[in-house]
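Asker: Same order as they appear, the protein sequences are chains X and Z. My numbering puts the first residue of the first sequence at 1, with every later residue one more than the last. My numbering puts the first residue of the second sequence at 1, with every later residue one more than the last.
Honestly, I wouldn't trust all of these hints.
Claimed, not checked - Using 30 Å as the maximum straight-line C-alpha spacing, the simulated BS3-like pairs for lysine-lysine come out as follows:
(1) Z:K191 - X:K175
(2) Z:K229 - Z:K246
(3) Z:K204 - Z:K237
(4) X:K133 - X:K51
(5) Z:K135 - X:K175
(6) Z:K229 - Z:K20
(7) Z:K191 - Z:K123
(8) Z:K20 - Z:K191
(9) Z:K112 - Z:K189
(10) X:K175 - X:K106
(11) X:K172 - Z:K20
(12) X:K175 - Z:K112
(13) Z:K126 - X:K172
(14) Z:K114 - X:K175
(15) Z:K191 - Z:K114
(16) Z:K135 - Z:K191
(17) Z:K189 - X:K175
(18) Z:K229 - Z:K189
(19) X:K172 - Z:K123
(20) Z:K189 - Z:K135
(21) Z:K126 - Z:K144
(22) Z:K126 - X:K175
(23) X:K175 - Z:K144
(24) X:K172 - Z:K144
(25) Z:K144 - Z:K114
(26) X:K172 - Z:K112
(27) Z:K189 - Z:K114
(28) X:K175 - Z:K20
(29) Z:K189 - Z:K144
(30) Z:K123 - X:K175
Keep in mind that the hints were calculated from the coordinates and are not lab data.
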Amino acid sequence: MRKIKEFIIEKLILLCGVASIIFVVLILLFLLNEGLSLFKDIGPYEFVSGKKWYPISEPPQLGILPLICGSLLVTLGAAIISIPIGVACAVYIAEVAPSWIKDILKAGIELLAAIPSVVLGFIGMVTLSPLIKSVFNLPTGLTALSGSIMLAFMAMPTIVSIAEDALYAVPKSYKEGAFALGATHWQTIWRVILPAASPGILAAVMLGIGRVIGETMAVMMITGNAAKIPDGFLQPVRTLTATIAAEMGEAVVGSEHYFALFAIGLILFIISFIINLTADLFLHRKERR
Amino acid sequence: MVKFDVRNLSVRFGAFNALKGITIRVNANEILAIIGPSNSGKTTFLRTLNRMNELERAAIMSGTVELDGTPINAISAEALRKRVGMVFALPLPLPLSIFDNAAYGIRMHGGKSKQAVREAVEKALKQAYIWDEVKDRLGESAFKLSGGQQQRLCIARTLAVEPEVILFDEPCSGLDPISTAAIEEAMLKLKSVYTIVLVTNNVKQAARVGDRTAFFLMGDMVEIDKTDKIFTAPSDKRTGDYIMGKFG
Numbered sequence: 001m002r003k004i005k006e007f008i009i010e011k012l013i014l015l016c017g018v019a020s021i022i023f024v025v026l027i028l029l030f031l032l033n034e035g036l037s038l039f040k041d042i043g044p045y046e047f048v049s050g051k052k053w054y055p056i057s058e059p060p061q062l063g064i065l066p067l068i069c070g071s072l073l074v075t076l077g078a079a080i081i082s083i084p085i086g087v088a089c090a091v092y093i094a095e096v097a098p099s100w101i102k103d104i105l106k107a108g109i110e111l112l113a114a115i116p117s118v119v120l121g122f123i124g125m126v127t128l129s130p131l132i133k134s135v136f137n138l139p140t141g142l143t144a145l146s147g148s149i150m151l152a153f154m155a156m157p158t159i160v161s162i163a164e165d166a167l168y169a170v171p172k173s174y175k176e177g178a179f180a181l182g183a184t185h186w187q188t189i190w191r192v193i194l195p196a197a198s199p200g201i202l203a204a205v206m207l208g209i210g211r212v213i214g215e216t217m218a219v220m221m222i223t224g225n226a227a228k229i230p231d232g233f234l235q236p237v238r239t240l241t242a243t244i245a246a247e248m249g250e251a252v253v254g255s256e257h258y259f260a261l262f263a264i265g266l267i268l269f270i271i272s273f274i275i276n277l278t279a280d281l282f283l284h285r286k287e288r289r
Numbered sequence: 001m002v003k004f005d006v007r008n009l010s011v012r013f014g015a016f017n018a019l020k021g022i023t024i025r026v027n028a029n030e031i032l033a034i035i036g037p038s039n040s041g042k043t044t045f046l047r048t049l050n051r052m053n054e055l056e057r058a059a060i061m062s063g064t065v066e067l068d069g070t071p072i073n074a075i076s077a078e079a080l081r082k083r084v085g086m087v088f089a090l091p092l093p094l095p096l097s098i099f100d101n102a103a104y105g106i107r108m109h110g111g112k113s114k115q116a117v118r119e120a121v122e123k124a125l126k127q128a129y130i131w132d133e134v135k136d137r138l139g140e141s142a143f144k145l146s147g148g149q150q151q152r153l154c155i156a157r158t159l160a161v162e163p164e165v166i167l168f169d170e171p172c173s174g175l176d177p178i179s180t181a182a183i184e185e186a187m188l189k190l191k192s193v194y195t196i197v198l199v200t201n202n203v204k205q206a207a208r209v210g211d212r213t214a215f216f217l218m219g220d221m222v223e224i225d226k227t228d229k230i231f232t233a234p235s236d237k238r239t240g241d242y243i244m245g246k247f248g
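Given these sequences and hints, build the entire structure.
Answerer: Structure, rendered in structure tokens:
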């Protein structure tokens, strides 16, 4: 009797494990099927390097270079803002802050992670973009810069919490060894703790960037959604994700436009996959040590 | 000459009294061995001498500790730790090459040319009796060394910054007898230049290398005397019992 129970439980767990993998594979297959259908009509190179995205003109022009540029620009901006602040914040929490400040900061960061992205986008739209508009004297405040700043807020909790874990994981002995040689606190952080935690910090950065690149709602609300190649942070841009979200509802099923949106999804999938894989490699390198 | 003058030192971690009014003088160029069972305050005493206890938030200290007549609290912690080096129980190489490990402290304190750093590293590695074993593989990771070699590398790293005092915190607790012998030999040579305080769980090690030996028990110093005297005619019965292995 007990044996049967064990058997059933074991198989149920196995089923759950396998199911999640099957779903991922099915999603990937669907994505591949729909996305690759596009390339019967236009070449992949043409699709990726085309400078014009006019999906509803006749014939439709489906070049996603402006969208890729938009995504990259917003992500780059968010990375430039969030990585130094996030890592510095993690160092402060893990190494410097007295415990009561540490508690407050950690709670605050968790709270930041809990804000739904649509709320962040909304707040950005009504506060940040008018500010950017007046500071830089622009025709519109809905720019790549606004998107980058808002996305930096979203990447920060991921970066801080994972980098902080990496810093905590540095053996206390390294720290004591450095102190015993007469290192100052800062020298210890800069020359021992940060290098020792660097694989974990890199993973934190990659996962933060992964979050940014896949983010949709906030960027759709505050980047202006102009599908043209930007030449600076102060112009409206449109990202890959926002394009799918905005246009999927109106694309005719089975049309080139519809397939093109799936192809964009495929490209996003590949980008996220590469980022997660890189993060994973860094994390595992740390474990092997 | 008195190197460290410790008077009425008490250290408390929260509600736990780790040291209860210790008075000790450490003479220059001697090896002072400190023995005692675990939780007797030996390591706490050692970590007071280079202010490492301050890294624990809950530590509260009273009494005075003077190094060459200056209270150690009047010296910055970094400057003090440069003068008073420490070797830990477990070898703690940093995740760097052998050379970079040995050069770590010197580089951090700065102000030396590449050539000077190389010379200092070579000298330190020779003093720690590890030069011959590593001179052809200085670029390899320090983790590739055996435990005994790692510990001698850590001693070299401490020596390279040219301290005046070296604190050894059970330096051989994880090592085999041959590595232990190598480290003890190094200590005996080093005492001509350095003052050494050795905390050890190994009573025989104290007998082999200590000029004087102090016996700690439950945060008190029971007895301090010439090592020969402690081991042949201790004045306190508890010292004798501990050395004989009746408790501990």
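Asker: Now, for every hint given, state plainly whether the structure supports it.
Answerer: Hint by hint, here is what the structure shows:
1. Z:K191 - X:K175: 27 Å, holds
2. Z:K229 - Z:K246: Distance of about 19 Å is within 30 Å: holds.
3. Z:K204 - Z:K237: Given that 30 Å is the threshold and the Cα spacing comes to 18 Å, the pair holds.
4. X:K133 - X:K51: 27 Å, holds
5. Z:K135 - X:K175: 27 Å, holds
6. Z:K229 - Z:K20: Answer holds: K229 (chain Z) to K20 (chain Z) is near 24 Å, not above 30 Å.
7. Z:K191 - Z:K123: Status holds; Cα separation ~16 Å.
8. Z:K20 - Z:K191: The given pair, whose Cα atoms are some 29 Å apart, holds under the 30 Å limit.
9. Z:K112 - Z:K189: At roughly 26 Å apart (the allowed maximum being 30 Å), K189 (chain Z) and K112 (chain Z) satisfy the hint.
10. X:K175 - X:K106: 23 Å, holds
11. X:K172 - Z:K20: 27 Å, holds
12. X:K175 - Z:K112: 24 Å, holds
13. Z:K126 - X:K172: 28 Å, holds
14. Z:K114 - X:K175: 25 Å, holds
15. Z:K191 - Z:K114: 28 Å, holds
16. Z:K135 - Z:K191: 24 Å, holds
17. Z:K189 - X:K175: Satisfied, since the Cα-Cα distance of roughly 29 Å is no more than 30 Å.
18. Z:K229 - Z:K189: With Cα atoms ~23 Å apart, K229 (chain Z) and K189 (chain Z) stay inside 30 Å; holds.
19. X:K172 - Z:K123: Given pair K172 (chain X), K123 (chain Z) holds - Cα atoms ~29 Å apart, limit 30 Å.
20. Z:K189 - Z:K135: Satisfied, since the Cα-Cα distance of roughly 21 Å is no more than 30 Å.
21. Z:K126 - Z:K144: 19 Å, holds
22. Z:K126 - X:K175: 26 Å, holds
23. X:K175 - Z:K144: 21 Å, holds
24. X:K172 - Z:K144: 21 Å, holds
25. Z:K144 - Z:K114: 25 Å, holds
26. X:K172 - Z:K112: Roughly 29 Å between the alpha carbons, so the hint for K172 (chain X) and K112 (chain Z) holds.
27. Z:K189 - Z:K114: 27 Å, holds
28. X:K175 - Z:K20: OK: K175 (chain X) and K20 (chain Z) at ~28 Å, within 30 Å.
29. Z:K189 - Z:K144: Cα-Cα ~27 Å, so holds.
30. Z:K123 - X:K175: Roughly 25 Å between the alpha carbons, so the hint for K123 (chain Z) and K175 (chain X) holds.
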